[in-house]
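K.L.:
Sequence:
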Amino acid sequence: MIPPRMLLAGAGPLLMTTLLSGTALAEACPPATAADPMGLSGAFPQQLEIDELGCELTFAENPAIGDLNGRIMGNGDLPPLAERLPEEPLVVMPYTEIGTYGGVLQGLSKATEAGTSDLLSVRHVNLLRYSDDLQTIVPNVARGWTWNDDFTEVTITLRKGHKWSDGEPFTAHDVAFWYNGLINNREIYKEIPDRFSVSGEPFKVEAVDDVTVRISLSGPKPGLMSVFAVDYAQAFQPLHFFKRWHPDHDDNAEQNAKDDGFASWVDAVNFYYGGSDWTDVPTPLLKDPGKAEALGRGVRPSLESHIVVEDTTEGRRLVANPYFHMVDTAGNQLPYINEIDELYVPEEEIQNLKLSNGEVTYKSQAVSIASLPVLQANEEKGGYSVDLIPTVSEMTVYGFNVTSK
Numbered sequence: 000m001i002p003p004r005m006l007l008a009g010a011g012p013l014l015m016t017t018l019l020s021g022t023a024l025a026e027a028c029p030p031a032t033a034a035d036p037m038g039l040s041g042a043f044p045q046q047l048e049i050d051e052l053g054c055e056l057t058f059a060e061n062p063a064i065g066d067l068n069g070r071i072m073g074n075g076d077l078p079p080l081a082e083r084l085p086e087e088p089l090v091v092m093p094y095t096e097i098g099t100y101g102g103v104l105q106g107l108s109k110a111t112e113a114g115t116s117d118l119l120s121v122r123h124v125n126l127l128r129y130s131d132d133l134q135t136i137v138p139n140v141a142r143g144w145t146w147n148d149d150f151t152e153v154t155i156t157l158r159k160g161h162k163w164s165d166g167e168p169f170t171a172h173d174v175a176f177w178y179n180g181l182i183n184n185r186e187i188y189k190e191i192p193d194r195f196s197v198s199g200e201p202f203k204v205e206a207v208d209d210v211t212v213r214i215s216l217s218g219p220k221p222g223l224m225s226v227f228a229v230d231y232a233q234a235f236q237p238l239h240f241f242k243r244w245h246p247d248h249d250d251n252a253e254q255n256a257k258d259d260g261f262a263s264w265v266d267a268v269n270f271y272y273g274g275s276d277w278t279d280v281p282t283p284l285l286k287d288p289g290k291a292e293a294l295g296r297g298v299r300p301s302l303e304s305h306i307v308v309e310d311t312t313e314g315r316r317l318v319a320n321p322y323f324h325m326v327d328t329a330g331n332q333l334p335y336i337n338e339i340d341e342l343y344v345p346e347e348e349i350q351n352l353k354l355s356n357g358e359v360t361y362k363s364q365a366v367s368i369a370s371l372p373v374l375q376a377n378e379e380k381g382g383y384s385v386d387l388i389p390t391v392s393e394m395t396v397y398g399f400n401v402t403s404k
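Its first residue numbered 0, the sequence shown is counted upward by one per residue in numbering that gives the first Met the number 0.
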């Protein structure tokens with residue numbers, strides 16, 4: 000079991016392939032960490048792009064990844080690691096040391112919904128993210144972005160060769176589909192969420208090519224990158240998976256949906272998408288496991304670190320994504336953790352008992368500050384630590400009081 004840790008707030012690798020960065024005679028990359036960068040530095044804190052390394056990085060995979068992949072409904076046999084990573088994976092510095100593969104992260108939440116499940120946030124990814132300084136927006140799924148002078152157009156560059164959790168290519172067309180086919184579709188959303196419009200005017204989202212997205216706005220919106228860094232709404236959805244049921248991409252979408260046992264194409268899309276932007280709760284594995292089994296896919300393909308493979312009224316189980324786009328500075332594909340096991344515990348007293356007994360690896364959301372004394376009192380017995388940490392919100396907004404004379 001992974002050593003427990005609570006935050007109160009909002010076996011050896013297999014060598015697979017080598018990538019040279021810099022000169023052809025580059026030395027092997029050092030096992031740099033945030034605590035000891037060993038001379039490595041990039042444009043952003045605690046992470047680097049391949050072309051910033053100046054050293055030779057040998058990629059490695061989790062020895063158990065084949066077995067874990069076999070538990071993801073609908074996934075086929077795995078190709079070699081070199082064919083699963085993007086051409087330019089994101090290189091992340093571990094905090095204090097290079098990790099080892101394995102283990103089960105034990106978690107708990109009050110129910111399947113997202114509001115109490117910090118583990119949804121643990122595996123969540125978006126185009127960008129905030130670094131640990133909670134100030135710097137850094138690349139994540141996207142490799143980079145460029146604004147025009149007045150913040151009315153942004154060009155986002157993705158990672159060539161990036162793949163969904165089912166092995167299909169992830170491209171700019173998936174970003175365009177998320178916006179044009181879902182966010183800006185009145186049968187999916189009654190209205191566009193404010194954060195994805197400018198005074199109610201929709202964005203214009205275009206796939207310039209497979210790795211380039213252009214977003215044009217009717218007015219300045221410099222805070223959009225903060226949205227793409229912290230928002231639960233992932234700015235991409237798997238077009239290859241949904242297009243069979245979407246009339247913008249298949250003239251037979253309505254009939255295809257009915258053939259698959261749905262009342263309409265909207266019902267088919269929402270069975271996997273849920274109309275909730277990102278949070279796959281409950282998943283099809285809980286909503287209608289028989290239908291999910293018949294369709295051959297328990298959850299829609301994802302870019303997250305872990306994929307849901309079981310979902311019941313008692314909890315859910317996830318396994319590592321074999322196509323995840325990050326590696327550490329030793330070249331090990333992330334995540335290190337094999338599985339996540341999340342138990343649903345609605346009663347705070349039982350939650351505190353499990354936390355105090357050290358039965359939980361990590362917990363942050365839906366922990367009452369009133370529970371702090373009992374949790375601190377049992378730190379030594381439970382073998383965990385309790386920390387109070389800062390949080391980050393999307394943005395601070397100031398406005399004029401237009402009603403005052």
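These aren't lab readings, by the way, just hints derived from the structure by calculation. Glycine included, C-beta positions come from ideal geometry on N, C-alpha and C. Some clues are possibly wrong.
In silico PhoX-like links for lysine-lysine, alpha-carbon gap of 25 Å or less [stated by the list, open to error]:
#: 1; residue 1: 203; residue 2: 159
#: 2; residue 1: 353; residue 2: 380
#: 3; residue 1: 286; residue 2: 257
#: 4; residue 1: 203; residue 2: 220
#: 5; residue 1: 242; residue 2: 189
#: 6; residue 1: 189; residue 2: 286
#: 7; residue 1: 257; residue 2: 290
#: 8; residue 1: 242; residue 2: 286
#: 9; residue 1: 257; residue 2: 109
#: 10; residue 1: 159; residue 2: 189
#: 11; residue 1: 189; residue 2: 203
#: 12; residue 1: 203; residue 2: 242
#: 13; residue 1: 242; residue 2: 159
#: 14; residue 1: 380; residue 2: 203
#: 15; residue 1: 257; residue 2: 189
#: 16; residue 1: 257; residue 2: 242
#: 17; residue 1: 290; residue 2: 242
#: 18; residue 1: 109; residue 2: 286
So the derived label-pair ranges between C-beta atoms look like this [what the hints assert, rightly or not]:
#: 19; residue 1: 386; residue 2: 38; range: 26 to 32 Å
#: 20; residue 1: 152; residue 2: 94; range: 34 to 40 Å
#: 21; residue 1: 376; residue 2: 76; range: 48 to 54 Å
#: 22; residue 1: 147; residue 2: 340; range: 42 to 48 Å
#: 23; residue 1: 27; residue 2: 286; range: 47 to 53 Å
#: 24; residue 1: 248; residue 2: 313; range: 45 to 51 Å
#: 25; residue 1: 190; residue 2: 340; range: 36 to 42 Å
#: 26; residue 1: 53; residue 2: 382; range: 37 to 43 Å
#: 27; residue 1: 147; residue 2: 313; range: 46 to 52 Å
#: 28; residue 1: 44; residue 2: 152; range: 25 to 31 Å
#: 29; residue 1: 382; residue 2: 27; range: 34 to 40 Å
K.L.:
Against this structure, judge whether each hint is valid.
P.N.:
Each hint tested on the structure:
1. 203 x 159: holds (23 Å)
2. 353 x 380: holds (12 Å)
3. 286 x 257: holds (18 Å)
4. 203 x 220: Satisfied, since the Cα-Cα distance of roughly 13 Å is no more than 25 Å.
5. 242 x 189: holds (21 Å)
6. 189 x 286: Within the cut-off at roughly 23 Å; holds.
7. 257 x 290: holds (13 Å)
8. 242 x 286: Answer holds: residue 242 to residue 286 is near 22 Å, not above 25 Å.
9. 257 x 109: violated (35 Å)
10. 159 x 189: violated (34 Å)
11. 189 x 203: holds (18 Å)
12. 203 x 242: holds (20 Å)
13. 242 x 159: With a Cα-Cα distance of about 22 Å, the restraint between residue 242 and residue 159 holds, given a limit of 25 Å.
14. 380 x 203: Violated, because 56 Å separates the two Cα atoms, which is more than 25 Å.
15. 257 x 189: Judged against 25 Å, a Cα distance of about 23 Å means the pair holds.
16. 257 x 242: Judged against 25 Å, a Cα distance of about 14 Å means the pair holds.
17. 290 x 242: holds (18 Å)
18. 109 x 286: Roughly 18 Å between the alpha carbons, so the hint for residue 109 and residue 286 holds.
19. 386 x 38: 26 to 32 Å: holds (30 Å)
20. 152 x 94: 34 to 40 Å: holds (37 Å)
21. 376 x 76: 48 to 54 Å: holds (50 Å)
22. 147 x 340: 42 to 48 Å: Taking Cβ atoms as reference, residue 147 and residue 340 lie about 46 Å apart, which means the hint holds.
23. 27 x 286: 47 to 53 Å: holds (48 Å)
24. 248 x 313: 45 to 51 Å: violated (37 Å)
25. 190 x 340: 36 to 42 Å: holds (38 Å)
26. 53 x 382: 37 to 43 Å: holds (41 Å)
27. 147 x 313: 46 to 52 Å: holds (51 Å)
28. 44 x 152: 25 to 31 Å: Holds, at about 27 Å.
29. 382 x 27: 34 to 40 Å: holds (36 Å)
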